[in-house]
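Protein chains: 2
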Amino acid sequence: MRSESDRTLCERAAEVMPGGVYGHLSVARLSSSHPQFFARAKGAHLWDMEGRRYLDFMCAFGPNLLGYGHQAVDAAYVEQLALGDVMTGPSPVAVELAETFVNMVDGVDWVLFCKNGNDATTAALMTARKHTGRATIVRAKGAYHGSAPWCALGEAGVGPHDQADQIFHRYNDVEDLERAVKQAGKDLAAIFVSPIKHDIIVDQELPDPAYARRARELCDETGALLVVDNVRAGFRLTRGCSWTAMGVTPDLSSWGKALANGHALSALTGSNACKSAASKIFVTGSFWFAAAPMAASLVTLKIIRETDYLEHTIRLGETLRTELHSLAQNHGFGLKQTGPAQIPLITFEDDADLTLTRDWTGALARRGIYFHPYHNMFLCAAMTEADIAHTLEQADAAFAEVHS
Amino acid sequence: MRSESDRTLCERAAEVMPGGVYGHLSVARLSSSHPQFFARAKGAHLWDMEGRRYLDFMCAFGPNLLGYGHQAVDAAYVEQLALGDVMTGPSPVAVELAETFVNMVDGVDWVLFCKNGNDATTAALMTARKHTGRATIVRAKGAYHGSAPWCALGEAGVGPHDQADQIFHRYNDVEDLERAVKQAGKDLAAIFVSPIKHDIIVDQELPDPAYARRARELCDETGALLVVDNVRAGFRLTRGCSWTAMGVTPDLSSWGKALANGHALSALTGSNACKSAASKIFVTGSFWFAAAPMAASLVTLKIIRETDYLEHTIRLGETLRTELHSLAQNHGFGLKQTGPAQIPLITFEDDADLTLTRDWTGALARRGIYFHPYHNMFLCAAMTEADIAHTLEQADAAFAEVHS
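Chains A and B, in that order, are what the protein sequence lines are. Position one of the first sequence corresponds to residue 13 (the working numbering), numbered consecutively onward. Position one of the second sequence corresponds to residue 13 (the working numbering), numbered consecutively onward.
By construction, these hints were calculated from the structure, which means they are not laboratory data. Model, not experiment: these values are computed from the prediction. Be a bit skeptical, because a hint or two may be false.
Remember, identical chains collapse to one label, so a pair may be satisfied in a single copy or spanning two.
[Claimed, not checked] Taking lysine to aspartate or glutamate pairs in the EDC-like style, the calculated list, with each CA pair at most 20 Å apart, reads:
#1 348 x 220
#2 292 x 167
#3 292 x 27
#4 314 x 177
#5 292 x 23
#6 348 x 371
#7 194 x 330
#8 292 x 413
Working from the sequences, and respecting the hints, build out all of it.
In structure tokens:
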């Protein structure tokens, strides 16, 4: 059970916040053993209000790439904060960071910094519409590109015209993509895609290279822009743009979450072909040129370039996946482990309502391992082989617990 | 002239960012003596790339309320950062801050934290639509509520349906407001207003109490929600909600900019009547529950409650206004000084294309005073009487310079 101090905080939160804790951090649909509040975070771990420690496989839903409270990243933040953060003009660190990004990621000629991932996806929408002079976008049904009315997954508060000029298709389905593009006709401004299918609740899917390439071709044929939304998966699949390995270079890419290892920063990047359009839209925010998160991002990008953080998290993820598979089998369970090993979604077979998955992740939470039952998880570079071994021990015990 | 180091940075920026520095921080339409980049900020001052100091009357376009690099505010930020900032759940500081806000501001029963001011105005739109089950909003032509497509002032990148279900009226014009509300008919979800008219380029206007009260009445009569967008003026007109002094309590208010004295935090607040609707919309962002800006905001709100920061900035603003008026007259100029003294817009009479205003603010920039020719300015609590006296001396010299 959630601790009394956590429950008290939840009650206080419900008094002064709509629905208590809102958005993706709400544990309303998780087990009652998942704490809602955390007092502290460091490296790969969280501490709840009772001082209980959790090995955190959510990584703040993505921002924690290198470890919470990363010394070098946060030192750069604090140093820049003392110098100047939000000012009446940008700091030179904005230029330095944009140059670093452009030099680092193939196909990126320019960077537009913002705060939320959704700011970047909205700027992509506006850039594509300005560039083409057209309105319609084709995107995948169920894909998350933010919670603004134009891309909200739910209907609450969304107006009757907020998702006009949008045509949906099935991710990884070339024929359905072609059908949607045909339907858009001469009004196609952009195709929006996630680099992998990481929709909530359903199994993840890696992109079919034929789908990725066809999306690129269709944009080339129609003059529309290809937008790859890297907000969640950026720098977790590769050090570059997520589809580059398949030979596909998008016109626009959105980034966020891990870009400054937890500090608030997002970005839209693009090619020279649509730079003029991006310069003509007016997008801005009070804190978009804040220098401290940019200083933190400079260090984050350096670590991304110079360390094996990626290979390390992939290796740990693969060990976790392989061993979990065996453990589950030993207990007579089948697991569905989908998506990349370092961005895993783990559910039980024959568990459509996720009851078993929820119970198992609840048992894990009681054992100090924070797994999520229906949102993809993340490994971070601060995790160790010992952490994975410990996770597997606890998973074994949790299998036994839910089996009985 | 802008310094060589500033111009070099502008050229580098133009290579790697669309249009160079974009959004409201661009100095493209300011005098060539306004630096684009700043190396440092402290208290009421900025330093450019050559180490030249400016007394800053823009306050980062609003976030700087108490002074740049405010010791107590930033210490709270850094302390919370070391403990935990963006995590897999909120920190208890989120609850503490929401409770503080609710206890501090009359008519506020709940708080929904976000990052950009525009996040809060968008959440207001969605809450109003969910609460009423209607779509249409009435808002003032030319008012700025953010740069998202639904509220963008320009047309670039805005789709043909992004501003559907919106009816515009003239700020402070009761008859025109009534006409717009009548036009919305049974579909009216909300009336959006700024607490003062602080549209770009044109003279500012204080709200006519009859207009404010009629907006409230029209919402009461129709069941629509009254949204006061405090993002820019919040805590600069009063310690509470900006229209409370006129006896008008909004259903929803958006806040941002100064809420954490420059740290990235915004909020939508509301009354209990629309709390249920706010709990049903799904709005979220990767960094919305970041604890460090909330810790900074707690200290900011305490200073707002316990010091005379507001009376101090009003007093300084009134001195500046009165003395500038006399100085201008001595030089044969007439000034238009509009809006509250602490949020002034200062232009010259008979200067429709702002040439004279631009030249005068350029002369001021060369003298180390950062004034803006067409966007409202801000005073901050770190300014002193000596700063104002110094500003007036430089203004006198700048009048003489542009006169010849």
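Looking at the structure, which of the earlier hints fail to hold?
4, 7 and 8
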